[in-house]
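Let the hints inform the model, and build the full structure from the sequences given.
Protein chains in written order, with the working numbering: chain B, 301 to 414; chain P, 1048 to 1248.
No lab work stands behind these hints, which were simulated from the structure alone. Beta carbons are placed, not taken as given, at the ideal position from N, Cα and C, and that holds for glycine. Misleading hints may appear alongside valid ones.
To spell it out: a stretch of chain P is covered by chain B in this simulated footprint if at least three of its residues, at any positions, have a beta carbon under 8 Å from a beta carbon of chain B; those stretches are [to be verified]:
#1 1116–1126
#2 1149–1157
#3 1195–1205
#4 1218–1232
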Amino acid sequence: MARVLNAPEIAILEWLLSVDFPGVDQPRQQARQAAAERDGMIINLVVEPGAPRARVLQRVPVQAVVDGDGFDGGLLLYVDDGLLSALEYWWVTENPPAEMPPLSAVGNPIARLR
Amino acid sequence: MTNRAPPSLIESSRPARIKSYSLSRPNAEDAGGFLGPVEQRIRSGSIIAVAQDGYRGGMQQWRAIPVAIGGVVAVGFVDENQVIVGSHSGVGVFDVHTGARIKRTHDEDYSWYQGDPPFIGYPSGEGVTLVRAAGLWGGDLDQSTADGWTCRRVDGGSVLRAEGQPDCKIEDQEEYRAQGFSPGGSAFVYATSATIYLATH
Chain B
301 MARVLNAPEI AILEWLLSVD FPGVDQPRQQ ARQAAAERDG MIINLVVEPG
351 APRARVLQRV PVQAVVDGDG FDGGLLLYVD DGLLSALEYW WVTENPPAEM
401 PPLSAVGNPI ARLR
Chain P
1048 MTNRAPPSLI ESSRPARIKS YSLSRPNAED AGGFLGPVEQ RIRSGSIIAV
1098 AQDGYRGGMQ QWRAIPVAIG GVVAVGFVDE NQVIVGSHSG VGVFDVHTGA
1148 RIKRTHDEDY SWYQGDPPFI GYPSGEGVTL VRAAGLWGGD LDQSTADGWT
1198 CRRVDGGSVL RAEGQPDCKI EDQEEYRAQG FSPGGSAFVY ATSATIYLAT
1248 H
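Written out as structure tokens, the structure reads:
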């Protein structure tokens, strides 16, 4: 069952897509109407199948370090078949996080440029 | 925060974080989504074993296949034919020869992650089976085989090497999780957050 992205998820998505990388225009468009499936530290991103598809260089075209406010790890954004497909927060704190990290703990997006 | 090092560099400097969970948990084998975001698929035509020294009679070629998953946290070998993968959303067992998914459990609270050194626990006919594992939070798999193969991480991947044999190179720039051979040495797994590479010979 698809759900609306919550505020932290939207903020993270917008932040990761704020950096330029090959094929970024389509994911930016897709993100405006993206929904989510599942909760937890990896969520499926659901976009309109007919949306314009991106030609990204890597399956994870952009990521970011997470460090601060009790969060420690990284964010990965997945694009499959040209469509946004998932957002992952991998973590290495002693206890599992209860939610996605706030932007205050997220470093600058690191894009794959080749 | 600005100008941080890439995650892979930071990760390499971190000590392993170990957690412990109870062994008792319900059988969570269900039809729910597995391993998070992405339909598990096998990318046909992407064999990445490379015979750098040519092919000669008696050579032991590795055959490797990438399996796109997403959210990989730790991996281990159930036996010579099955690899187990723990992710942010559950546990799956895959055929090392074909990449086909054999089992899956849905689990978002990481209760599959057990102990120190880490094991992946999953429901089986005998209760919860624990499989030695390695990944984001520590642990290790065999780094060599009885017949002389070793694995070595290189920039952007891994190389399997044995004296007198052609190298097998696996190339993947994504976030590294773990690598290692099966206990009998006939299979090898290289795992990033997004993909597992299953090699056999």
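Tested hints:
Judged by the Cβ-Cβ criterion of 8 Å, the stretch 1116–1126 of chain P is covered by chain B as claimed, because 3 of its residues qualify and three suffice. A count of 3 residues in the stretch 1149–1157 of chain P with a Cβ less than 8 Å from any Cβ of chain B is obtained; the coverage claim is therefore met, three being the minimum. Figure legend: the stretch 1195–1205 of chain P, annotated as covered by chain B; annotation inconsistent (0 residues with Cβ-Cβ distances under 8 Å, at least 3 required). For a cut-off of 8 Å, the count of residues in the stretch 1218–1232 of chain P with a CB near a CB of chain B stands at 3, and the three-residue condition holds.
The structure fails to meet hint 3 from the earlier list, while all remaining hints are met.
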